[in-house]
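Line by line, the protein sequences give chains C and E. Residue 5 in the numbering used here sits at position 5 of the first sequence, and the numbers go up by one each step. One rule links them: number in the numbering used here = place in the second sequence (from 1) + 117.
Hints were generated in silico from the structure; no laboratory data involved. Since we're looking at a predicted model, the values are computed, not measured. Heads up, the beta-carbon is just placed ideally off N, CA and C, and yes, glycines get one too. Be careful, since some hints might not be right.
As the list claims (entries may be wrong) - 25 Å max Cα-Cα, derived DSS-like pairs, lysine-lysine:
(1) K139(E) to K36(C)
(2) K40(C) to K186(E)
(3) K186(E) to K139(E)
(4) K186(E) to K36(C)
Claimed, not checked - Not the full set, but computed from the structure, chain E residues with beta-carbon under 8 Å of chain C:
(5) R159
(6) L161
(7) K166
(8) L205
(9) F207
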Amino acid sequence: DTAVSQTPKYLVTQMGNDKSIKCEQNLGHDTMYWYKQDSKKFLKIMFSYNNKELIINETVPNRFSPKSPDKAHLNLHINSLELGDSAVYFCASSQGLLAGGSTDTQYFGPGTRLTVL
Amino acid sequence: AQSVAQPEDQVNVAEGNPLTVKCTYSVSGNPYLFWYVQYPNRGLQFLLKYITGDNLVKGSYGFEAEFNKSQTSFHLKKPSALVSDSALYFCAVRDWGDSSASKIIFGSGTRLSIRP
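With the rest of the complex left out, here is chain E (with noise of 0.2 Å):
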């Protein structure tokens, strides 16, 4: 079965750091990565995929997020953090067991605090 993992729980970072939140993943086929962003009391907001292609894929707000096939990883990061960043956020795979059918799996998520 599909899985990802975020190891933690809270990152927090001062603004204008590198910011980075850990994401690995156990797929069998090829891996749809995705993380989306949730701001408090709303809804989840795409940031960006990797389907094929460069490793390293460029989503909204300057986030980016690097694809590592020999450490199953697919990090997410910003070379300066904003107190604006401060969010809850989710990594998510496709699930391939049934694949006439769109199914993502989300990780626990992992609260993002960005300190003044």
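So that you can see chain C by itself, here it is in the shape it has in the complex (with noise of 0.2 Å):
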């Protein structure tokens, strides 16, 4: 009955190596995120997509590409990952966009802790 999930909940991989991140919520939300959490818990917005659309895009290394083939996953591929890609990463999702009455309350995955040696 988990409202957002992530796979894996772990990731441990070499540098240069490429890695997906999957997302998957069951709440019937339009609008899904990606937002990255650093080693002194600083949590910051990546990527957002509504109804499969991207929305958001912050400053991210374009190795970093979000895939939402419905709009119930948000995926996320790294490309030639770096040792500061370490961090744990968490999905989220919300019903609408403010010009359609939403009131932004998000709702996290349990996070998948990418480690890159």
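Two independent chains are provided; combine them into the complex using the hints.
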């Protein structure tokens, strides 16, 4: 019954590899997000999709490529992994855009801890 | 640009005592403010939000927050702390930079530690 789920929970890999993290939500929301939480617990948005359309793209290296096959899924692919990519990545979802009356409450997944060696 | 500040990295409180976790904000336009909690090795959980209306907002687990426009603050409070309240707390504000996109800016987090 998990509302927002992510796989894998842990990911350990070597520098230079390519990896993907998957996210799924069963809340019926139309907006999904990726956040990065660094070792100091600072949380920063990376991307947001609304109905499969990219609406937020922060200053993120283009090695990071999100993909939304449908509004219930938002995957994150990372090419050529670097040591600095080590962090916990959180997926989140919410209903609607502000213009449509959304009040922005976001629901988070459990996180994927990525360690790049 | 919108921002929130959490001036305390850590707050220590004895169980049963009242607790306050501080947050101040800076916004252009109406503030949409949030509190989230993160338990160890878990994702963030929504606690409460202020959009409009009463300045005192009640949320989950007995928490409440008071919106103070003159002091631009949105402090999180609980009358009687529990050991299980120990967690990382994030204040957040909606970013009005692009009204078509729902973007939240999080504070740096405050670690709340409740001692028995």
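How the hints compare with the structure:
no.: 1; hint: K139(E) to K36(C); result: holds (23 Å)
no.: 2; hint: K40(C) to K186(E); result: violated (30 Å)
no.: 3; hint: K186(E) to K139(E); result: holds (14 Å)
no.: 4; hint: K186(E) to K36(C); result: violated (30 Å)
no.: 5; hint: R159; result: holds (6 Å)
no.: 6; hint: L161; result: holds (4 Å)
no.: 7; hint: K166; result: holds (6 Å)
no.: 8; hint: L205; result: holds (6 Å)
no.: 9; hint: F207; result: holds (7 Å)
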